[in-house]
Amino acid sequence: MKNILTVMKKELRRFLGDRRMLATLVLPGILIYVVYSLMGSAFSDVMGGTEDMEYRVLTHNLSPTVATITEQSGLNITYVACTDCAEEHSPEAIAESINEGGYHAYLVFPENFDESIATYDPALGLPAPEVKIYYNSSDADSATAYSTLLALLDALESSMTNRFDVNMSQDVTFDVASEEDVTGMLFSMLMPLLLVILMFSSCMAMTAESIAGEKERGTIATLLITPIKRSELALGKIAALSVMSLLGGLCSFTGVLLALPKLMGGEALGAVDASVYTVSDYAMILFIILSTILVFVSLIAVLSALANSVKEASTLISPLMLVVTVVGVSGMFTGGAQSNALFLIPVYNSVQCISGVFSMSYEPLQIILTVAANLATTGLFVVLLTRLFNNEKVMFKK
Amino acid sequence: MEPMLVATGLRKTFTLSRKQQQIEKSNQKVKVAVDNLSFVANKGEIYGLLGPNGAGKTTTLRMLATLIRPDEGDALLDGISVVNNPDAVRSRIGFLTGELKLEDFFTPNYLFDFFSDLHGVDPAVAAARKTELFEKFGIDRFAEVKVANLSTGMKQKVSLVISVVHDPDVIIFDEPTNGLDVLTAKVVTDFLLELRERGKTVILSTHIFSLVEKLCDRVGVIINGRMVACDTLPAVCDGMSLEDRFFELYKAHVAEEV
Ligand SMILES: Nc1ncnc2c1ncn2[C@@H]1O[C@H](COP(=O)(O)OP(=O)(O)OP(=O)(O)O)[C@@H](O)[C@H]1O
Ligand SMILES: [Mg+2]
Numbered sequence: 004m005k006n007i008l009t010v011m012k013k014e015l016r017r018f019l020g021d022r023r024m025l026a027t028l029v030l031p032g033i034l035i036y037v038v039y040s041l042m043g044s045a046f047s048d049v050m051g052g053t054e055d056m057e058y059r060v061l062t063h064n065l066s067p068t069v070a071t072i073t074e075q076s077g078l079n080i081t082y083v084a085c086t087d088c089a090e091e092h093s094p095e096a097i098a099e100s101i102n103e104g105g106y107h108a109y110l111v112f113p114e115n116f117d118e119s120i121a122t123y124d125p126a127l128g129l130p131a132p133e134v135k136i137y138y139n140s141s142d143a144d145s146a147t148a149y150s151t152l153l154a155l156l157d158a159l160e161s162s163m164t165n166r167f168d169v170n171m172s173q174d175v176t177f178d179v180a181s182e183e184d185v186t187g188m189l190f191s192m193l194m195p196l197l198l199v200i201l202m203f204s205s206c207m208a209m210t211a212e213s214i215a216g217e218k219e220r221g222t223i224a225t226l227l228i229t230p231i232k233r234s235e236l237a238l239g240k241i242a243a244l245s246v247m248s249l250l251g252g253l254c255s256f257t258g259v260l261l262a263l264p265k266l267m268g269g270e271a272l273g274a275v276d277a278s279v280y281t282v283s284d285y286a287m288i289l290f291i292i293l294s295t296i297l298v299f300v301s302l303i304a305v306l307s308a309l310a311n312s313v314k315e316a317s318t319l320i321s322p323l324m325l326v327v328t329v330v331g332v333s334g335m336f337t338g339g340a341q342s343n344a345l346f347l348i349p350v351y352n353s354v355q356c357i358s359g360v361f362s363m364s365y366e367p368l369q370i371i372l373t374v375a376a377n378l379a380t381t382g383l384f385v386v387l388l389t390r391l392f393n394n395e396k397v398m399f400k401k
Numbered sequence: 687m688e689p690m691l692v693a694t695g696l697r698k699t700f701t702l703s704r705k706q707q708q709i710e711k712s713n714q715k716v717k718v719a720v721d722n723l724s725f726v727a728n729k730g731e732i733y734g735l736l737g738p739n740g741a742g743k744t745t746t747l748r749m750l751a752t753l754i755r756p757d758e759g760d761a762l763l764d765g766i767s768v769v770n771n772p773d774a775v776r777s778r779i780g781f782l783t784g785e786l787k788l789e790d791f792f793t794p795n796y797l798f799d800f801f802s803d804l805h806g807v808d809p810a811v812a813a814a815r816k817t818e819l820f821e822k823f824g825i826d827r828f829a830e831v832k833v834a835n836l837s838t839g840m841k842q843k844v845s846l847v848i849s850v851v852h853d854p855d856v857i858i859f860d861e862p863t864n865g866l867d868v869l870t871a872k873v874v875t876d877f878l879l880e881l882r883e884r885g886k887t888v889i890l891s892t893h894i895f896s897l898v899e900k901l902c903d904r905v906g907v908i909i910n911g912r913m914v915a916c917d918t919l920p921a922v923c924d925g926m927s928l929e930d931r932f933f934e935l936y937k938a939h940v941a942e943e944v
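For the protein sequence lines, the chains are A and B, in the order given. Residue numbers for the first sequence follow this note's numbering, beginning at 4 and rising by one. Residue numbers for the second sequence follow this note's numbering, beginning at 687 and rising by one.
Any given hint could be a false lead.
What the hints assert, rightly or not - DSBU-like, lysine-lysine: derived pairs with alpha carbons at most 30 angstroms apart:
{"#": "1", "chain 1": "B", "residue 1": "K900", "chain 2": "A", "residue 2": "K314"}
{"#": "2", "chain 1": "A", "residue 1": "K396", "chain 2": "B", "residue 2": "K787"}
{"#": "3", "chain 1": "A", "residue 1": "K400", "chain 2": "B", "residue 2": "K937"}
{"#": "4", "chain 1": "A", "residue 1": "K400", "chain 2": "A", "residue 2": "K12"}
{"#": "5", "chain 1": "B", "residue 1": "K900", "chain 2": "B", "residue 2": "K937"}
{"#": "6", "chain 1": "B", "residue 1": "K832", "chain 2": "A", "residue 2": "K12"}
{"#": "7", "chain 1": "A", "residue 1": "K400", "chain 2": "B", "residue 2": "K715"}
{"#": "8", "chain 1": "A", "residue 1": "K12", "chain 2": "B", "residue 2": "K937"}
{"#": "9", "chain 1": "A", "residue 1": "K400", "chain 2": "B", "residue 2": "K711"}
{"#": "10", "chain 1": "B", "residue 1": "K711", "chain 2": "A", "residue 2": "K314"}
{"#": "11", "chain 1": "B", "residue 1": "K832", "chain 2": "A", "residue 2": "K400"}
{"#": "12", "chain 1": "B", "residue 1": "K715", "chain 2": "B", "residue 2": "K705"}
{"#": "13", "chain 1": "B", "residue 1": "K841", "chain 2": "A", "residue 2": "K232"}
These aren't lab readings, by the way, just hints derived from the structure by calculation.
Working from the sequences, and respecting the hints, build out all of it.
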């Protein structure tokens, strides 16, 4: 026991004193926060920037009805009647006024539009009065003006043959999704994938360095001729690496937790907020993260012990990263009732549990199974690592 | 004469990879590095293993130090088997060989404490020992410099000191003066003589005749993995100089094998 602590202290000292290693732990969490914040504010610029935009629309024979409903609906559209022209513009003139004349669209009504639509009877088979909207699809503002006008006119058209309305009341919120539901859906989809990948990558560099690196540089042989047991060496190393990886895992977790609301546009939208979860939800997540990190560290440790150099270890580990990513993605799709036996599969169980906790639909038994299965798997890998440390062909192969 | 280390019928073979076969220019899959090797080292003596490059000296010492297991045979250290009870053997021996490196990241001072802890040395005893050994080898001048920034000789001194943190009964040194200047080499040989004075058993390997002549009470000559002579230094030399006697043995045994 004392030897495990001694080995552990040495490893911790090694990594806490190494700025490069610390950076590989802390940076992913910070990076994801920064990147998501930037992406979030870029999104809201694109979406929110159009709101107070004023559209100028050149009109021909503007219908008074349309002018009135535009005003009533509070749309920021200014109609400018073309005064000096009795006729419709030529295509060239339209293009000029939209591209250079400062107009966003050119709206053409047939003469006496209001009377025509009042008396129009589709049963007679005559062509319906046609409204034309000219616009420039390559100009974002012009395109928005077009779709706004189109929606307005569509609404007018459907109100004229009105038999019933859907969701018309202004003062009722028809979307019953609560803040919890929106947050839960987003977090439970993205959290498992992001967390699993970030945890795996923070374990990777350090564990390969600590085991394959020591082998490569011949420093592990110096430990192997001391009277400590191989199992103590294995446990000490895995414990220290897990502590460090947990540190990295928590940084990543905090980063993701703060980053996801930012990605969705920050407090302005108010729909995604990590404070909807309780302390016990977070405690569950902590247990899952810890047990998953143990599995990752011990698995990577075994592979690193088989490798002769850090480089070789990375080659062995990188296919696993792919597997972990795929399993992480599975968290996005599966859901709902699942057999408890599935919670005995390491990594998959973690993904499902993280997803479950964040969508507020987990069962405590599933978490217990997950943590137990992960601890058992870690135990198995520790035994395997001890065996490898005892195997001279593995440890001293050149 | 009380025997401290008794090796009987040690044998070690290595399976050669294709690449190693090319380097060794042979198509044999198995390399016999040590073959039926037996010897006894007594308490309070310096025993020397003498042999040319590739004779199997390092391999023999690695088996004694429990780093690798013999294919056949065994060695008893004060009655403890290196094959059956390697953990117990490890706490009684100190091993120095080029293969055992120290971590670049740490200072000699920290490493001494770390290995003392692993050997379960009482902290007060360890501190006193550290002061004494660091002074003897002049390590106190670079005790706080990271191993990465030490010269080859400095590293060798630190490795040597670390190999004896637990004051072992049997000290196994593989070419201890390799890469050291004459001044430092003298400190090392004096240290070995001092260990003998204190009743320790020293087993060292070398291909330097003068070192054997100066230090060793008894000597074993290894050629191609076999012990070809093993006795007190005067008995092995048989009235000749050690060098002449070695060439005679070498000719006889290499001729015999061809
Ligand atoms: N791990 C290994 N794999 C394959 N062959 C090996 C291995 N270790 C040693 N050998 C072979 O065993 C033989 C003995 O090697 P050893 O290192 O014991 O020689 P040595 O007497 O220490 O030589 P030197 O004086 O050069 O240090 C050599 O032929 C070497 O190539
Ligand atoms: Mg050698």
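Hint by hint, where does the structure go against what was stated? Just the numbers, ascending. Hints 1, 3, 8 contradicted; others consistent.
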